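Student: As a plain string of letters, each chain reads:
There are 4 protein chains.
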Amino acid sequence: MAKKVVNVGLLGCGFMGKAHSFGYRNVNEMWNPPVKVVMKCISGTEPKRIVKATAKALGWQEYETDWRRLIERDDIDLIDISTPNFVHEEQALAAAKAGKAILCEKPLANSLTSAKIMVKAIQKARVKAMCGFTYRQAPAVQLAKQMIEAGELGEIYHFRAVYLQDWIMDPDFPLVWRLQKPLAGSGALGDLGAHIADMALYLVGNISEVSGDLKTFIKQRPVQTTLAERGKERAVGGRAAKKGRVTVDDAAYWCARFTNGVVGTFEATRFAGGRKNFHSWQINGSKASIGWTFEDMNYLEYWKAGGGSKQGFRKVLATHPETPNWQAWWPDGHIIGYGECFVNEVKEMLTAIAENRQPVPSFRDGLKCQAVLDAVARSAKTRKWTRVPKV
Amino acid sequence: MAKKVVNVGLLGCGFMGKAHSFGYRNVNEMWNPPVKVVMKCISGTEPKRIVKATAKALGWQEYETDWRRLIERDDIDLIDISTPNFVHEEQALAAAKAGKAILCEKPLANSLTSAKIMVKAIQKARVKAMCGFTYRQAPAVQLAKQMIEAGELGEIYHFRAVYLQDWIMDPDFPLVWRLQKPLAGSGALGDLGAHIADMALYLVGNISEVSGDLKTFIKQRPVQTTLAERGKERAVGGRAAKKGRVTVDDAAYWCARFTNGVVGTFEATRFAGGRKNFHSWQINGSKASIGWTFEDMNYLEYWKAGGGSKQGFRKVLATHPETPNWQAWWPDGHIIGYGECFVNEVKEMLTAIAENRQPVPSFRDGLKCQAVLDAVARSAKTRKWTRVPKV
Amino acid sequence: MAKKVVNVGLLGCGFMGKAHSFGYRNVNEMWNPPVKVVMKCISGTEPKRIVKATAKALGWQEYETDWRRLIERDDIDLIDISTPNFVHEEQALAAAKAGKAILCEKPLANSLTSAKIMVKAIQKARVKAMCGFTYRQAPAVQLAKQMIEAGELGEIYHFRAVYLQDWIMDPDFPLVWRLQKPLAGSGALGDLGAHIADMALYLVGNISEVSGDLKTFIKQRPVQTTLAERGKERAVGGRAAKKGRVTVDDAAYWCARFTNGVVGTFEATRFAGGRKNFHSWQINGSKASIGWTFEDMNYLEYWKAGGGSKQGFRKVLATHPETPNWQAWWPDGHIIGYGECFVNEVKEMLTAIAENRQPVPSFRDGLKCQAVLDAVARSAKTRKWTRVPKV
Amino acid sequence: MAKKVVNVGLLGCGFMGKAHSFGYRNVNEMWNPPVKVVMKCISGTEPKRIVKATAKALGWQEYETDWRRLIERDDIDLIDISTPNFVHEEQALAAAKAGKAILCEKPLANSLTSAKIMVKAIQKARVKAMCGFTYRQAPAVQLAKQMIEAGELGEIYHFRAVYLQDWIMDPDFPLVWRLQKPLAGSGALGDLGAHIADMALYLVGNISEVSGDLKTFIKQRPVQTTLAERGKERAVGGRAAKKGRVTVDDAAYWCARFTNGVVGTFEATRFAGGRKNFHSWQINGSKASIGWTFEDMNYLEYWKAGGGSKQGFRKVLATHPETPNWQAWWPDGHIIGYGECFVNEVKEMLTAIAENRQPVPSFRDGLKCQAVLDAVARSAKTRKWTRVPKV
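The listed protein sequences correspond, in order, to chains A, B, C and D.
Take 1086 as the starting number for the first sequence in our numbering and just add one per residue.
Take 1086 as the starting number for the second sequence in our numbering and just add one per residue.
Take 1086 as the starting number for the third sequence in our numbering and just add one per residue.
Take 1086 as the starting number for the fourth sequence in our numbering and just add one per residue.
In short, the hints are calculated from the structure, not lab data.
Wrong hints could be hidden among the right ones.
Heads up, the list lumps identical chains together, so a pair's fine if it works in one copy or across two of them.
Derived DSS-like pairs (lysine-lysine); straight-line CA-CA distance at most 25 Å [stated by the list, open to error]:
no., residue 1, residue 2
1, LYS1182, LYS1209
2, LYS1209, LYS1300
3, LYS1372, LYS1300
4, LYS1469, LYS1300
5, LYS1141, LYS1121
6, LYS1137, LYS1327
Note that this is a predicted model, so its numbers are computed, not measured.
Could you build the full structure based on these sequences and the hints that come with them?
Tutor: Listed below in structure tokens is the structure:
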């Protein structure tokens, strides 16, 4: 008997679309999931020829230039939202209304209100909906989760995380959509801070209060202009590029109290020179400490209480046959990378569909993360410790 | 205009077949190569239902249970040999005779004689033929090669490499084909030593003389029996498993002189407890030193002469937009793994076909490696420094 | 002509006394300082025979059982205060009044008020007074300072630091003086947080505001009893050890804004399992990033902007002939440790005396650090961002 | 009762004299050894004023300009030979004849014959005699030894070691005594190779056969001239510096078989750019693997069999109260360096004197090492595996 087929409609022709495509392209063969995925159709807001070329380049059978049309198609089972943050809500609502399963990139939305609306929508529509915190899918992170659930860390005391990048340190880097609040919601906070907040919620538990701060180091940046405009500027004589105001944070950092007594520190920045995608966290418990860094994502750093003069942090290569989320891959010691996390992510989505349950992380996990980020932003304004609402 | 299509026939349903399939599955979408690959047909010596299932599982359109038949099919352009060493020669000869392009896993053959025959065959048939030293395809290794060719290391003095694994340390590990000389040719020498010898030849140059040694730590191992036989053994009362003689080396290690004056040390072993796939090398030159370790394959270790009190080995994350073999992948800092090296390898094979040239590494590179391994094995017998013949 | 001699009187027979003794014992021979030090006399509050034995063991010529007497001796030039925090003020005031130079262990005092009184006292008495932030004396830290002062980091954006230990994680660890507020002032905050606050002030500049939190994980601990009492307890039948309340923090963590626009995160804890003396900080600037960790104190981590595909954090071995604070030691690559930092510290004290200037770090530096810690403690109570007063 | 006093006479005013002085200066106070050391007298072949100044600078009570005189003094108990290799034999013989205990820097001698004579001499004279393989004294190395002796590694399979430096890579580096065979005996082989050979003998056991090679990369170097000569050269018009032949090896590398079946690789070089004092070894056994690198001398790398998906190499910080050779030092996590190894070394010498036994490593250990180096040098000539004689 042939397996049930899940036809995917992907919204977004950018970097995230490419990464998600990698997930869909390999999941059937690597994981042999209970339902089989088909890369049915992609849509984008780019000119038709570009969307068409992207469909072909990434291996999608068909394309649409109107995402609403794609969502409404009867032959689509799963809508993948790989678009900029500011359209997530609108697209998710349409997909839910159309009864589609959803895989939406993080952050779920640009505001807490928006995220709440989205969760309500998928609950009402009773569809499966996943929020794409892809880093959870690294085998080393899954091993960490397994250890924590088995009580191997004992009582947890500390969580600390940083997410460091450096791609906008050049003052001449232009005012892209990610630097404009109406489009991006926030800067490093929602882009990078969302990941470390999610890791904290996933591995340690709910956060009750935060006290944080947002910082914009470079407040004006060159406005991105069309090619025609740039030609004109040059014609009138080397006029300096027009500048616009950066309306999001370059860096966000905060202290946190968890409901279970754990204390934590968080830092997300795009101004850490030399750091490209340095997403790193550590957890200290009464029985063990663990740590993980994305750029070395195949390792889990692990210290276990006891051991006397021979104790020490060990570098666990999370490529063992028994490591969770590893079984589909290679012999021990043959590492995987960023793309493989998307294959694992899609596997979870398909398994949830087959098992008729919400995927992990769900839209509600996305909402919980949003509530933390929202509290951080409010605390940065009030200059006080701020409660994170239950959602 | 549609691109020319290359139909692949893959021989081998094992781990290597899975890895090569990953390469073919992703190369069109990730690299957009000048010719397009089609996963046409797979063959295996397993029972028909298993071959059929493997074809489906790995995404091959068709299957054959007789590899000769597959090679003879007119609709196949490229034969991929992902089978055990001892059939490489026979299969490559058949493929060459049939005028197919070939991608053959390393080691090229089980003996120097065999490798020579293979090179002659593909030369006579004028087919493109690649030897699968996949690790060359890591972007960090390509960056190393680029730096050496640009003279950035100056005069090279030292090459040192180890390839450490630990998967057969258990004395109860059975006498698999890889531990039998008639099937495997050699042990750690051909399996692991081949990779570090190839790296040396690729990055540093020809080796003129070697002095080495082979070591078998565990000389008898349980013979692998069929399920029926095992049942019988149990019936007659807990009889200990029958043991057979290990006829290959558990470890190989050697000193080498290169024709250009460089000196080197090499070690390949399956008895380095805790090491899973620790393939690591370092090169010291008059202007710079570099180093690489597969398990951290996205980094190149790099020291540059000068710098006074601020000099030091830097950890170069080989994920920069300008890093060779990286362009197809992700933003800076989003690492890749073992599977992606196969995608890069297949890209080189397809590019060579499109450009009507031999791929790199070619069968001749495989032969040169074999000549080094052969000299090491002879030196282990004669107990003398031994010349590596020009091939 | 013989060099001027500085006779030292050391207060304290504990671990710190031993570490400072190591400094005095080696400074003449290693650094050949402009004035020569003599280990004249030690005092302790222990029984006479213990103080006498300690004097002999550590190499002091004489001993006193009354520190006031030691301070009043005419033949003493420099008073070294290596006693618990709560007596620093009293001893420093007496030493200043007696016109002695002072080297006082950190934290300068148990309160901001106390620290202010101490600074006024040494100003009035016009004596040289150093606060023992020993980690500043590591050559790698001095190299960092040199680079920052030369502008090599450009504009600084981020400072982040942790100081992690695990020595009181056992709930049966007793209620020692360091866990009692009246004696220790604070817990991890003053003991460990003082070091990272000082590093921030030294390397980055003044801190304007902080928002932090203090946490005590284990609130009751066994009271330390005399041997006689313990015998009695056992006699009455296995009665559980009496417990007392821990009145200091086990962990302190805070966010900070610097007056120059830098933002920072700080964490000090005694509950980070597996971490013994993990004092670590990183600084990100527009032109370079640097980092340092005490347990690898001979290295400075260093990234420099530019370098394209060959950029990366380098591990600078701060043992180069040109590295500041290294010249007295060994050939390149022959590392030093904790004790050597005290030798370097004493060298600075002696040099300051010879040059008739305040040593670095001075008592005022100790006071500035105290002001930060005080603001953190207040902020933990008010739950608001809190200004750090100028001192 | 006062402890017995051991008066030391140190031969050598150079770098090694300074390092040994550090050992003597601190051993009484740090280790409280069973006999007390007194830094009695130093001798050197430099002009009297320099020897006198060195005595004062390093803390020696007296000085002699004739080392024979120093050896003959009745008030000297222990002769420390910190001079260049080529005078070790003559000085050791004189010291033995005078009935003095001896601590002689490695390598013991410039030839196997010479080393044998020295061992006979001290045996005949029945004096205590230590060979200064100082790196053995690092606590992490002592921990390794303890683990091996307790059987924690199981059956040992592999030893691999490198000792990498880069201080003579500049072709203009002059022809110092260390580059002249009559004075130095050999180059990297005896200077660096001696250390890794000794580690192998100490930790793993006797070596039965070796096959190695010696390499001199730069064959001519500027002759060191006196200041007067240099002035003359300049006067006659920028004449290029006179060059002389380098008669020792720049690099030595060899394979080895141990009598207990272990196999090993060794490499010692002064041409590994970026490596300052990179003395590093690893041992793989059936139950555990360990590794150590001098530049990170406070760590022992340790993998233990078992552990499934949570196994991994751990970084053991060898600063635990139970770590051998650590007790004298600081709290856990407060590292030590190169100098402290000499303090530990002198402690062993004094303890051996007090316990009326030979110190470890003894002169015989120095001889065994020499036998290995001698076999390597012979093998480099004969181009064959060469037996290491029992000594």
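Student: Which hint numbers does the structure go against, in order from smallest to largest?
Tutor: 2, 6
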